[in-house]
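The residues making up each chain are set out below.
Number of protein chains: 2
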Amino acid sequence: MVSSKRVLFTKIPSGYPVAGEHMKLDEKTVDLEAALPKGDFIVKTLEISVDPYMRGRMRDASIQSYAPAFALNEPMTGDTMSVVVKSNNPDYKVGDLVYGRTGRGLFEEYAQVSAEYAKGAYVVRNDAKENGLPLSHYVGVLAMPGMTAYYGLNEIGKPKKGETLYVSAAAGAVGQLVGQFGKAMGLFVVGSAGSDEKVEYLKEIGFDEAFNYKHGDIEANLRKYCPDGIDIYFEGVGGKMLDAVLAVANNFARIIACGMISQYNLEKPEPLYNIINVVTKRIKFDGFIIMDHMDYEEKFLKEVTPLLTSGAVKYRTDVAEGIEKTPEALINVLQGRNFGKQVVHVADL
Amino acid sequence: MVSSKRVLFTKIPSGYPVAGEHMKLDEKTVDLEAALPKGDFIVKTLEISVDPYMRGRMRDASIQSYAPAFALNEPMTGDTMSVVVKSNNPDYKVGDLVYGRTGRGLFEEYAQVSAEYAKGAYVVRNDAKENGLPLSHYVGVLAMPGMTAYYGLNEIGKPKKGETLYVSAAAGAVGQLVGQFGKAMGLFVVGSAGSDEKVEYLKEIGFDEAFNYKHGDIEANLRKYCPDGIDIYFEGVGGKMLDAVLAVANNFARIIACGMISQYNLEKPEPLYNIINVVTKRIKFDGFIIMDHMDYEEKFLKEVTPLLTSGAVKYRTDVAEGIEKTPEALINVLQGRNFGKQVVHVADL
Numbered sequence: 001m002v003s004s005k006r007v008l009f010t011k012i013p014s015g016y017p018v019a020g021e022h023m024k025l026d027e028k029t030v031d032l033e034a035a036l037p038k039g040d041f042i043v044k045t046l047e048i049s050v051d052p053y054m055r056g057r058m059r060d061a062s063i064q065s066y067a068p069a070f071a072l073n074e075p076m077t078g079d080t081m082s083v084v085v086k087s088n089n090p091d092y093k094v095g096d097l098v099y100g101r102t103g104r105g106l107f108e109e110y111a112q113v114s115a116e117y118a119k120g121a122y123v124v125r126n127d128a129k130e131n132g133l134p135l136s137h138y139v140g141v142l143a144m145p146g147m148t149a150y151y152g153l154n155e156i157g158k159p160k161k162g163e164t165l166y167v168s169a170a171a172g173a174v175g176q177l178v179g180q181f182g183k184a185m186g187l188f189v190v191g192s193a194g195s196d197e198k199v200e201y202l203k204e205i206g207f208d209e210a211f212n213y214k215h216g217d218i219e220a221n222l223r224k225y226c227p228d229g230i231d232i233y234f235e236g237v238g239g240k241m242l243d244a245v246l247a248v249a250n251n252f253a254r255i256i257a258c259g260m261i262s263q264y265n266l267e268k269p270e271p272l273y274n275i276i277n278v279v280t281k282r283i284k285f286d287g288f289i290i291m292d293h294m295d296y297e298e299k300f301l302k303e304v305t306p307l308l309t310s311g312a313v314k315y316r317t318d319v320a321e322g323i324e325k326t327p328e329a330l331i332n333v334l335q336g337r338n339f340g341k342q343v344v345h346v347a348d349l
Numbered sequence: 001m002v003s004s005k006r007v008l009f010t011k012i013p014s015g016y017p018v019a020g021e022h023m024k025l026d027e028k029t030v031d032l033e034a035a036l037p038k039g040d041f042i043v044k045t046l047e048i049s050v051d052p053y054m055r056g057r058m059r060d061a062s063i064q065s066y067a068p069a070f071a072l073n074e075p076m077t078g079d080t081m082s083v084v085v086k087s088n089n090p091d092y093k094v095g096d097l098v099y100g101r102t103g104r105g106l107f108e109e110y111a112q113v114s115a116e117y118a119k120g121a122y123v124v125r126n127d128a129k130e131n132g133l134p135l136s137h138y139v140g141v142l143a144m145p146g147m148t149a150y151y152g153l154n155e156i157g158k159p160k161k162g163e164t165l166y167v168s169a170a171a172g173a174v175g176q177l178v179g180q181f182g183k184a185m186g187l188f189v190v191g192s193a194g195s196d197e198k199v200e201y202l203k204e205i206g207f208d209e210a211f212n213y214k215h216g217d218i219e220a221n222l223r224k225y226c227p228d229g230i231d232i233y234f235e236g237v238g239g240k241m242l243d244a245v246l247a248v249a250n251n252f253a254r255i256i257a258c259g260m261i262s263q264y265n266l267e268k269p270e271p272l273y274n275i276i277n278v279v280t281k282r283i284k285f286d287g288f289i290i291m292d293h294m295d296y297e298e299k300f301l302k303e304v305t306p307l308l309t310s311g312a313v314k315y316r317t318d319v320a321e322g323i324e325k326t327p328e329a330l331i332n333v334l335q336g337r338n339f340g341k342q343v344v345h346v347a348d349l
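Protein chains in written order, with full-length UniProt numbering: chain A, 1 to 349; chain B, 1 to 349.
Careful, some of the hints might be misleading.
Same chains, same names: a pair is fine if it fits in one copy or spans any two.
[Stated by the list, open to error] Here are the computed lysine-lysine pairs in the PhoX-like style, where the Cα-Cα straight-line distance is at most 25 angstroms:
| id | residue 1 | residue 2 |
| --- | --- | --- |
| 1 | K93 | K119 |
| 2 | K5 | K160 |
| 3 | K299 | K203 |
| 4 | K284 | K160 |
Because the hints were derived from the structure by calculation, they are not lab data.
Okay, chain A solo, but in the shape it has when bound (with noise of 0.2 angstroms):
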């Protein structure tokens, strides 16, 4: 018998989630003894991963959205790494590193996993023993953020070299990521962040120009870091900063556009002003969700591992100890205060 803490989503919010509140901490104990059904696996979590997208799935569950609503007093979910640690499943073997993707990796110590509920969900990674990555990465830039950062930019952006490319939540978990990758496609890179160590850190990994969107006038900022306007834009943060966006854009820019985080905890959402652009700038503005993607995963990974395993590629992580502060380290996404990507270190390999 062995103790699993789960997270629980207990209620849902209007504004921001509070620890203890809307998420809370239960314990089970799980028998690691007792024989399991055919084709079900207990997996100990090492690592998860907090998105902020998550904040919309603690919603209503009659409410339609691309990602399913939690269910309430119900583990939550989303991207964890994790080891078999006993197994029914011939494809899940004990040792195995698995990888619980499309959001549905269960936030337990330990979890029962049943073939049917594995299926497109939970997926061998057993690279990861081998190339010497950290495993946290296997929820971050070699999971949905890296492959949201890749596929967007790439798909949507369609960069052309010399371009500008200006990105918001630089410092985040796909930000980072957007900003290295379209400096190795020639682009001029710009990023903003909330706060002056941010800043420092965009620059130290290559961005052109960065500054902290706190500080002043953001439309101000951007025609001033961004001289020859902006002609990609991969927007995570909506509001104020989309609006300055509009503004400054070029014409024939492209918005790719996968999150508006500054919206998740706002009961009415704040009034946008400058969507006429999109006409007079014949703007491509179009949203994405990776998860409708998946198929783009092996492409992917084959480019994007090598480029970290080289050092290419830097990809800053916030750890939070322990499942625990699994609440915390998302609030802490949702407010901005996360320096790089946010992952909950659950237990050792």
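Starting from the known structure of chain A, arrange chain B on it as the hints suggest.
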């Protein structure tokens, strides 16, 4: 000597332009006997097109936009059909019908055009003599509005049979065509317009559903008349209409944006609240201006002219008589009082 009235742009408006204040007529004389410089020719204007985008040209010339600002106290320009009455240019023979396109046709009863000015702007259209179509079609369905409808729906909308297409300003120059083209592609087509009479017309020309947007809540009407949601929205209106469409749109919807007429005469744009749906519903929201795609004209004319000569596609025009009616005709369009494509009939052939 002939007398030639001209429509001058005389003052930059802040709200709706006023005839006699922001646009004025004047009259000059043109000597049809005098020798012309090499390359020059004189056209007698037959039809003038007034279109919503012209409001955007009534601005301070220091502000950049896709169509050049009108010069103060100079003749306004737009799309025209005219006939050559005198020529010292072998490419434009007396009797040739000439289409003044890309918004550069001169709003003068008799206009003298240089070879340089004519380049790309004045195009011989002698097929108009033979096919029995009204000359006004050559500044409407067979010109910028028609091409906007055809290009936008095909190339940006990428319609799939059975999808729902919603068209606002559906009885206007572009909308009535979008709906008919959509029906021919096997779409379920819903339109809105600003009078019950227009709504009747939409049903007559084959729209599956149509409603008066001035009656009742727009979003509620969209939900009622588009029971399967909206897959494609042809956007020429903006403001509250756009916000309602964003709320009702299906996942993976396309918004084809060629204008936002509701916003053109406001001092400050209306706020938009539902933009986050671009992400959550993975919407492609793409602006375009048909003048960027003039290479599409040949294909367009080849495919659409037969639809008109056969009667498969109808095109309603709203005709103002006499060049002096041009300012009022344009204001009509901006206020939604036109019923069909607004043209000004200047003279018979």
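Violations among the numbered hints = Hints 2, 3 contradicted; others consistent.
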